[in-house]
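Undergrad: Listed below are the residues making up each chain.
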Amino acid sequence: QKEVEQDPGPLSVPEGAIVSLNCTYSNSAFQYFMWYRQYSRKGPELLMYTYSSGNKEDGRFTAQVDKSSKYISLFIRDSQPSDSATYLCAMRRGDYKLSFGAGTTVTVRA
Amino acid sequence: DVKVTQSSRYLVKRTGEKVFLECVQDMDHENMFWYRQDPGLGLRLIYFSYDVKMKEKGDIPEGYSVSREKKERFSLILESASTNQTSMYLCASSITGFEQYFGPGTRLTVT
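Order-wise, the sequence lines are chains A and B. Letter 27 of the first sequence, counting from 1, is numbered 393 in the working numbering, and no numbers are missing. Letter 91 of the second sequence, counting from 1, is numbered 96 in the working numbering, and no numbers are missing.
Just chain B, same shape as in the assembly (with noise of 0.2 Å):
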């Protein structure tokens, strides 16, 4: 079974803070994935990657970068989180494109 893991599932930061959000995924996948999912909105993709270090910007990117050094890691930044920002986040990898493999997501609360 694919496992994707997510570092944290509820995380509370204060406006301005640097924040990270970690995801690890083990099956060797080259399509790596962060999204933001709000009630009405559905899930919105924020960045994406096709490979080790190539990151492609989704629809909502301002205010997020992301980091891929190793195949199975993908690292969501929020550079200063605001209070716009507090959403779930959900990572995801997929070798095909349209089967994406979905973590537990993170709670994150700005305040």
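For reference, chain A alone in the conformation it holds in the complex (with noise of 0.2 Å):
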């Protein structure tokens, strides 16, 4: 079982559409949990990240933790085709190791 699971998708949905991606983890451990957005043909950038359990916003985004539930998320709100991307969850461990969901690729139809 991988530490980390990640729908790949693909997810197409129309502009203006709530975007909603998951990842779920094994290991109680993980204290920061992060969200990257990796445009085509570029590397991954850090989109968000959330300490421990809760919720932040930040624009039209809002990234959740459930840690009794071992279970992220990410909203997307009033998508634009610009978030057209594949977004990968990932958690730390130990001092600066990562570990990577395998991606969610998400189009947004203008």
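Hints listed in this document are in silico derivations from the structure and should not be mistaken for laboratory results. Glycine included, C-beta positions come from ideal geometry on N, C-alpha and C. Treat the hints with caution; some may be incorrect.
Stated by the list, open to error - Distance condition first, Cα-Cα at most 20 Å in a straight line; then the derived DMTMM-like pairs of lysine to aspartate or glutamate:
| hint | chain 1 | residue 1 | chain 2 | residue 2 |
| --- | --- | --- | --- | --- |
| 1 | B | 62 | A | 461 |
| 2 | A | 368 | B | 64 |
| 3 | A | 433 | A | 371 |
| 4 | A | 463 | A | 411 |
| 5 | A | 463 | B | 33 |
| 6 | A | 463 | A | 369 |
| 7 | A | 408 | B | 43 |
| 8 | B | 8 | B | 31 |
| 9 | A | 463 | B | 56 |
| 10 | A | 463 | B | 67 |
| 11 | B | 8 | A | 411 |
| 12 | A | 436 | A | 371 |
| 13 | B | 76 | B | 27 |
| 14 | A | 408 | B | 6 |
| 15 | A | 463 | B | 104 |
| 16 | B | 8 | B | 35 |
| 17 | A | 463 | B | 43 |
| 18 | A | 408 | B | 104 |
| 19 | B | 62 | B | 74 |
| 20 | A | 368 | B | 43 |
| 21 | A | 408 | B | 31 |
| 22 | A | 408 | B | 27 |
| 23 | B | 60 | B | 74 |
| 24 | A | 422 | B | 104 |
| 25 | B | 76 | A | 461 |
| 26 | A | 463 | B | 61 |
| 27 | A | 463 | B | 64 |
| 28 | A | 463 | B | 35 |
| 29 | B | 75 | B | 33 |
| 30 | A | 422 | A | 432 |
| 31 | B | 62 | A | 369 |
| 32 | B | 23 | B | 84 |
| 33 | B | 58 | B | 74 |
| 34 | B | 58 | A | 461 |
| 35 | B | 75 | B | 27 |
| 36 | B | 60 | A | 461 |
| 37 | B | 76 | B | 104 |
Said to hold, decoys possible - From the structure, some residues in chain B lie toward chain A, with a derived Cβ separation under 7 Å:
| hint | residue |
| --- | --- |
| 38 | 36 |
| 39 | 47 |
| 40 | 48 |
Both chains are sitting in their own frames, so use the hints and assemble them into the complex.
TA: Rendered as structure tokens:
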């Protein structure tokens, strides 16, 4: 079993829809939870991070962590074609290492 | 802005060749990482370095080695390339460990 599970999709939504992405994990020691965005032919870039359980909002993006269920989510409101990318969840283990999900490819149709 | 550059965007090598992938960062970060990215598997850590000349194995180090002679430069070496090392290779640097800055990647094909 992988340490971090993420449905690879692909996910296709019309412009303006809410995009819902999620990951599950098995290691209860994870404390930092991140979402990275990767555009085609580019490296990933950090979108948001959350420490421990709870919600965090940044503009149209909301990250949620439920440590009791070992489940994290990312919601994108009022999605735009420019949000079309692969979204990877990641969790910090130890001092420096990250465990990544497989990534979900999202297409927002104009 | 942090910039992480990788020496090649695309590389084609033959089985058995020794391959060098170079990564340079310009933000004086202590930590540098090499990942490979494969469909359905996500990013998997090959090696990382937390200081000059210091390195630690990641999750899939077999068939790879690394070199970090200067703080800004981290090299990945495939000692004898094999077809199962065909992949996208991503380099990253970081201060905190969780906010990692990635380069654009090198797509390596081994034939």
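Undergrad: Take the hints in turn and mark each one as holding or not.
TA: Okay, the hints, checked on the actual structure:
Our distance criterion of 20 Å between C-alpha atoms is met by residue 62 of chain B and residue 461 of chain A, whose separation comes to about 14 Å. Proposed proximity of residue 368 of chain A and residue 64 of chain B is supported: the alpha carbons are some 12 Å apart, at most 20 Å. Between residue 433 of chain A and residue 371 of chain A the alpha-carbon distance is near 15 Å, which keeps this suggested pair within the 20 Å criterion. Only pairs whose Cα atoms come within 20 Å are accepted, and residue 463 of chain A paired with residue 411 of chain A is accepted, the gap being roughly 16 Å.
Between residue 463 of chain A and residue 33 of chain B the CA atoms are separated by roughly 19 Å; this keeps the pair inside 20 Å, and the hint holds. Our distance criterion of 20 Å between C-alpha atoms is met by residue 463 of chain A and residue 369 of chain A, whose separation comes to about 13 Å. Restraint check for residue 408 of chain A and residue 43 of chain B: satisfied, since their Cα atoms lie roughly 14 Å apart, inside the 20 Å limit. A hinted pair counts as satisfied when its Cα atoms are at most 20 Å apart, and residue 8 of chain B with residue 31 of chain B qualifies at roughly 6 Å.
Taken as a hint, the residue 463 of chain A and residue 56 of chain B pair is honoured in the structure, with Cα atoms around 15 Å apart against an allowance of 20 Å. This hinted pair checks out: residue 463 of chain A and residue 67 of chain B have alpha carbons roughly 18 Å apart, not beyond 20 Å. Taking the CA atoms of residue 8 of chain B and residue 411 of chain A, the gap is about 12 Å. The hint holds against a cut of 20 Å. Between the alpha carbons of residue 436 of chain A and residue 371 of chain A the distance comes to roughly 11 Å, so the proposed pair stays at or under 20 Å and holds.
Proximity of residue 76 of chain B to residue 27 of chain B is assessed by CA-CA distance (about 13 Å); at most 20 Å being required, the pair is judged to hold. Using a Cα cut-off of 20 Å, the hinted pair residue 408 of chain A and residue 6 of chain B holds, with the two alpha carbons roughly 16 Å apart. About 11 Å separates the Cα atoms of residue 463 of chain A and residue 104 of chain B, which keeps this hinted pair within 20 Å; it holds. A threshold of 20 Å between alpha carbons decides the hint, and for residue 8 of chain B with residue 35 of chain B the separation of about 14 Å falls inside it, so the pair holds.
With a C-alpha separation of about 18 Å, the suggested pairing of residue 463 of chain A with residue 43 of chain B holds against the 20 Å cut-off. As the CA atoms of residue 408 of chain A and residue 104 of chain B are separated by approximately 16 Å, the hinted pair is consistent with the 20 Å bound. Between the alpha carbons of residue 62 of chain B and residue 74 of chain B the distance comes to roughly 17 Å, so the proposed pair stays at or under 20 Å and holds. Taking the CA atoms of residue 368 of chain A and residue 43 of chain B, the gap is near 15 Å; set against the 20 Å cutoff, the hint holds.
Of the supplied pair hints, the one linking residue 408 of chain A and residue 31 of chain B holds, its CA atoms being roughly 18 Å apart against a limit of 20 Å. With a CA separation close to 17 Å, the supplied pair residue 408 of chain A and residue 27 of chain B stays within the 20 Å bound. Note on residue 60 of chain B and residue 74 of chain B: the hinted pairing holds, with a Cα-Cα distance of about 11 Å set against a maximum of 20 Å. Taking the CA atoms of residue 422 of chain A and residue 104 of chain B, the gap is near 16 Å; set against the 20 Å cutoff, the hint holds.
Restraint check for residue 76 of chain B and residue 461 of chain A: satisfied, since their Cα atoms lie roughly 19 Å apart, inside the 20 Å limit. Pair hint residue 463 of chain A plus residue 61 of chain B holds up; C-alpha atoms about 11 Å apart against a cutoff of 20 Å. Taken as a hint, the residue 463 of chain A and residue 64 of chain B pair is honoured in the structure, with Cα atoms around 10 Å apart against an allowance of 20 Å. Distance check on the hinted pair: residue 463 of chain A and residue 35 of chain B sit about 14 Å apart at the alpha-carbon level, within 20 Å; holds.
For the hint pairing residue 75 of chain B with residue 33 of chain B, the CA-to-CA distance comes to about 10 Å; that is within 20 Å, so the pair holds. For the suggested pair residue 422 of chain A and residue 432 of chain A, the alpha carbons sit about 12 Å apart, so the restraint of at most 20 Å is met. For the hint pairing residue 62 of chain B with residue 369 of chain A, the CA-to-CA distance comes to about 18 Å; that is within 20 Å, so the pair holds. For a cut-off of 20 Å, the pair hint linking residue 23 of chain B to residue 84 of chain B stands: about 5 Å separates their Cα positions.
Among the hinted pairs, residue 58 of chain B with residue 74 of chain B is consistent with the structure: their alpha-carbon atoms are about 6 Å apart, no more than 20 Å. For the hint linking residue 58 of chain B to residue 461 of chain A, the alpha-carbon distance of about 18 Å falls within 20 Å, and the restraint holds. Taking the CA atoms of residue 75 of chain B and residue 27 of chain B, the gap is near 12 Å; set against the 20 Å cutoff, the hint holds. Of the supplied pair hints, the one linking residue 60 of chain B and residue 461 of chain A holds, its CA atoms being roughly 14 Å apart against a limit of 20 Å.
Distance hint between residue 76 of chain B and residue 104 of chain B is fulfilled; the C-alpha atoms sit about 18 Å from each other, no more than 20 Å. Of the supplied interface hints, the one on residue 36 of chain B holds, with its beta-carbon coming within about 5 Å of a beta-carbon of chain A, less than 7 Å. The criterion of a C-beta within 7 Å of any C-beta in chain A is met by residue 47 of chain B, whose closest approach is roughly 4 Å, and the hint holds. Satisfaction of the interface hint for residue 48 of chain B is found here, the shortest Cβ-Cβ separation to chain A being roughly 4 Å, below the 7 Å cut-off.
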